[in-house]
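Asks: One letter stands for each residue in the lines below.
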Amino acid sequence: MDLITPEYGLFVWQVVVMIILIFLLTKFAWKPVMKAVGEREASINEALASAEKAKEEMANLKADNEKMLQQARAERDEMLKEAQQMKKKIMAEATEEANEKAEQILEKAQAAIQNEKKTALAEIKSQVAELSVQIAETVVKKQLDDKDEQMTLVNKMLDDVKLN
Amino acid sequence: MHEIFELILSQLFMATHKSSKITVAFMLLLVLNTFSSFAQLDTDEVVDESFNPTEMIMHHISDSHGWHFFGEGEDSFTIPLPVILWTDEGVVSFMSSAFHHDVEGEHVVEAGGQKFVNYHEKIFVLNEGETELEYNEEEHVALNANSPFDISITKNVASMLLTSILMIILFMGLAKHYRKSKKAPKGFTNILETLVVFVRDEIAKPQIGEKKYMKFMPFLLTVFFFIWIANLMGLLPGAANVTGNISITVALGLFTLALILVNANKDYWQHVFWMPGIPTFVKPILAIVEILGVFIKPIALMIRLFANITAGHIIILSLIGLIFILETAGVAAISVPFALFITVLELLVAFLQAFIFTMLSALFIGMAVQEHEHH
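These protein sequence lines map, in sequence, to chains A and B. Quick note: the first sequence, position 136, residue 142 per the working numbering, numbers continuous. Quick note: the second sequence, position 218, residue 244 per the working numbering, numbers continuous.
Warning: the hint list may mix true and false statements.
Stated by the list, open to error - To give an idea of the interface, some chain B residues facing chain A are shown, with a C-beta separation under 7 Å as derived from the structure: (1) F197; (2) A201; (3) A277.
Hint data in this document are derived by calculation from the structure and do not stem from the laboratory. As the structure is a computational prediction, the values presented were derived from the model and not from experiment. By construction, the Cβ of each residue, glycine as well, lies at the ideal position given by its N, Cα and C atoms.
With these hints in hand, go ahead and build the complete structure from the sequences.
Replies: Written out as C-alpha cells, the structure is:
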C-alpha cells in the first residue's frame with residue numbers, strides 16, 4: 007500500500023526543489039540558452055538567405071554578362087559587315103575613278119595624236135608644196151629640153167625630198 | 027499482501043490499460059509472492075530467515091531514511107541521511123544512522139526530549155511515558171504513537187537533489203558556452219543543445235503553438251530533463267527510484283495542472299462548462315465529463331510515469347530474484363540476460379517516459395491556451 011500512498015514530506019520536497027530548480031534554470035540556463043539558440047538560428051537563416059540572394063545576383067550578373075557578350079559579338083559582326091561593304095564600295099569607286107581617268111587620258115592622248123597628225127600633215131603639205139615649187143623652179147630653170155634629163159632631175163628631187 | 031497487489035493491479039489496469047509491461051510486472055510480483063510462500067512452507071523448519079522477494083523488491087523501489095548500498099544490518103554500507111521531523115514540539119533533526127538500520131520499530135532514538143522509532147521507514151513519535159512501539163498489523167495503525175510530519179532528506183530527496191545539482195551544472199555549463207562564443211557547441215554541450223532544441227521544436231512548438239510556447243519552455247525543459255536524468259540515475263545500482271515514486275509524480279502532475287488552471291483562457295472554460303455547438307440538454311452532462319477530464323489528465327500523467335518506472339524496476343528485480351527463490355545459480359543463465367535486456371529497454375523507457383510526460387503536459391497546456399476559431 008505504501009507504493010501508492012503519497013508521502014507528504016517527499017511531495018513537499020519535490021515541489022520546493024522543482025520550484026527552485028525551475029527558477030534557477032530559467033534565470034541562468036534556459037533563457038540564455040534559448041536566446042543564444044534563437045539568435046544563432048536567425049543568423050544561420052539570414053546567412054542562408056543572403057547566400058541565396060548572392061547566388062541569384064551572381065546568376066543575374068552572369069546573364070547580363072552573357073547578354074553583353076552577345077551584344078558585343080553582334081556589334082562586331084555588324085562592324086565587320088559594314089567594313090566589308092565599305093571596302094567593296096571603296097574598291098568599286100576607285101575602279102570606276104581609275105577607269106574614268108584612264109579614259110580621259112586616252113581621250114586626251116587621242117586628241118593630242120589627232121592634233122599632232124594634223125600639224126604633221128599640214129607641215130608635210132606645206133613642205134610638199136614648197137618642194138613642188140622648188141622642183142618646178144629647178145625644172146623651169148634648166149629649160150627642160152631633154153626628156154631624160156628631166157626625169158633624172160625629177161628623181162634627184164625626189165631623193166632630196168627623201169632626205170628631208 | 028495479495029489483496030493489496032490485486033488492488034494495485036486493478037487500479038493500474040484502469041489507469042493505464044494500454045501498458046502491458048505494467049501488467050506483466052505486477053503479475054510477476056504476484057507469482058513471486060506465491061512462490062516464496064511455498065518456499066517458506068517447505069523450508070520453515072530448516073532456515074529461519076528465508077528469502078522474501080516481495081520484501082526485497084519493495085525495499086528496492088520504495089523510499090528510505092538512509093541510502094543503503096549493500097550488506098545486512100550493522101555490517102551494511104549505508105550513507106546516513108538527515109531525518110527532519112516536524113513534531114508538535116517543533117522541528118527535530120538527527121541522522122538516520124541513529125536508528126542503527128532498524129526498521130522494525132525496536133530501536134528507540136531520543137531527540138529533543140521525544141522518543142522516535144522507525145517502523146518500516148515510517149517514523150513514529152512515541153507518546154509520553156511509552157518505551158516501545160505497539161503496532162496493529164491488521165489496521166496499519168500505531169497504538170501508542172503519532173506520526174510527525176516527516177520532511178527528512180530521504181534517499182529519494184537526496185537523489186532528487188543530486189539530479190537537480192547535476193542539471194544545474196550541465197545547463198549552466200551550456201549557458202556558459204554561449205557567453206564565450208556565438209558558435210555552435212561541440213561534443214557533450216552539443217548533445218544538450220540538441221535536446222533543448224528537440225524539446226522546443228518537437229514538443230513545445232507543435233503542441234502549444236508558435237505564439238505562446240515561449241512562456242512554458244522553462245517548465246517543459248525542466249520537467250523533461252528532471253524526469254529523464256532521474257530515470258537514468260534510477261537505473262544505476264543502489265540508486266533511488268525517484269520517478270517511480272507516486273509522491274514525486276503527483277508533485278510533477280500538479281505542476282502541469284496548476285499551469286493549465288492558471289493559464290487557461292475563456293475559450294477553454296467555455297468548452298469545459300458549456301460546450302458550444304451541441305444540443306442544450308447534453309451540455310450539463312458533458313460539463314461533468316469535462317470537469318472530471320481536467321483532473322484526470324494530470325492524474326493519468328502521474329500514474330503513467332510512476333507505473334512505468336516502477337514496473338521496469340520490478341521486472342528487473344523479479345528476474346534477479348528468481349535466482350534466489352529457486353535457489354539454483356543455473357537460473358542466472360536465463361534471468362541475467364533477461365534482466366540485462368530489460369535494463370537496456372529501460373534506457374529507452376527512461377527517455378520515452380520523460381518525452382511522454384513533457385509531450386502530454388505541453389498538449390494539455392496547449393489545449394488550455396489555444397485560441398478557438400469561432401464558426
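Asks: Check each numbered hint against the structure and report the violated ones by number, ascending.
Replies: none
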